[in-house]
Amino acid sequence: MGSYIMMIAAVVVAFVIAYLIVKFLPLKLRPVASIVLLILAGFLVYKIYDGIMKPINFDKKKVTKYSEVIKNLKIIRDAEIAYKEVNGNYTKDRAALIRFIDTAQFAITESRDTVIRVNEGTRWQPLWIDKEKRVIDTTGYEPVLKSFENKDYKNMFKVPGLEGKEFELEIGMVEKVQGLEVPVFEARIDKASILKGMDISLVKQEKEAIATDQVKGEYVSVGSLSEVTTGGNWPPSYDKNDRAKENDK
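Okay, so the sequence shown: first residue is 1 according to the UniProt record's numbering, each after it adds one.
Simulated from the structure, these hints should not be mistaken for laboratory data.
It is possible that some hints are incorrect.
[Unchecked claim] Capping the alpha-carbon separation at 30 Å, the derived lysine-lysine pairs in DSBU-like fashion look like this:
1) 176 <-> 65
2) 65 <-> 165
3) 60 <-> 74
4) 54 <-> 176
Whole structure, please, built from the sequences with the hints as guidance.
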């Protein structure tokens, strides 16, 4: 919108100046005015071009930066989900989570249906009935590390492009239904940190993003401390590489 306003303003200014030159400027001074107008026109063209390209370039750089950040957030998410599968809860202990990936194992289970005899009567007057029961057997174990092959999980807490900066990581409990609380986690980083050094006004707009094709809100995050989810707040476009890899398998 700002670029369009600038273009309209430039046209109006150019028209006014041209009118003043024709109306009031002596003939001998018009060559000088022409040079000044050419310089002014060049400057206005540059400003208009810059106004159009600035948000375009901002979006390109933003997507590149976000993609690297989201890559690490996905590893954190996968690690937390694996940890909960084995331990029943999440953890905010970074060292423990890395150690878990290095040493823990998933139980490989197999379910089967079997028939058991159940006494529906009493001890003195038994009434034996056959009932089906689902039995889950542990058939072996698989290292958690296998699920993290080719993933830089040892550096997953570091924010790419920000030396010494790590993601915020918190855990909590949320009431899923009345009387039932379940564990949750959230890992996040402020957008302003990721976009540091870029146009301040565009960064401010980015932190207010709410569109479905944008990373919503002030943070790039995965999980939530207010609702039961392990999803990220980024749009599906950031997951297209993951879907392509799954299709190749």
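For each hint, the structure was consulted:
Between residue 176 and residue 65, the direct Cα distance comes to roughly 34 Å. Violation of the 30 Å bound is thereby established for this hinted pair. Between the alpha carbons of residue 65 and residue 165 the distance comes to roughly 14 Å, so the proposed pair stays at or under 30 Å and holds. Proposed proximity of residue 60 and residue 74 is supported: the alpha carbons are some 21 Å apart, at most 30 Å. The hinted pair formed by residue 54 and residue 176 fails the criterion: a straight-line CA distance of about 44 Å is larger than 30 Å.
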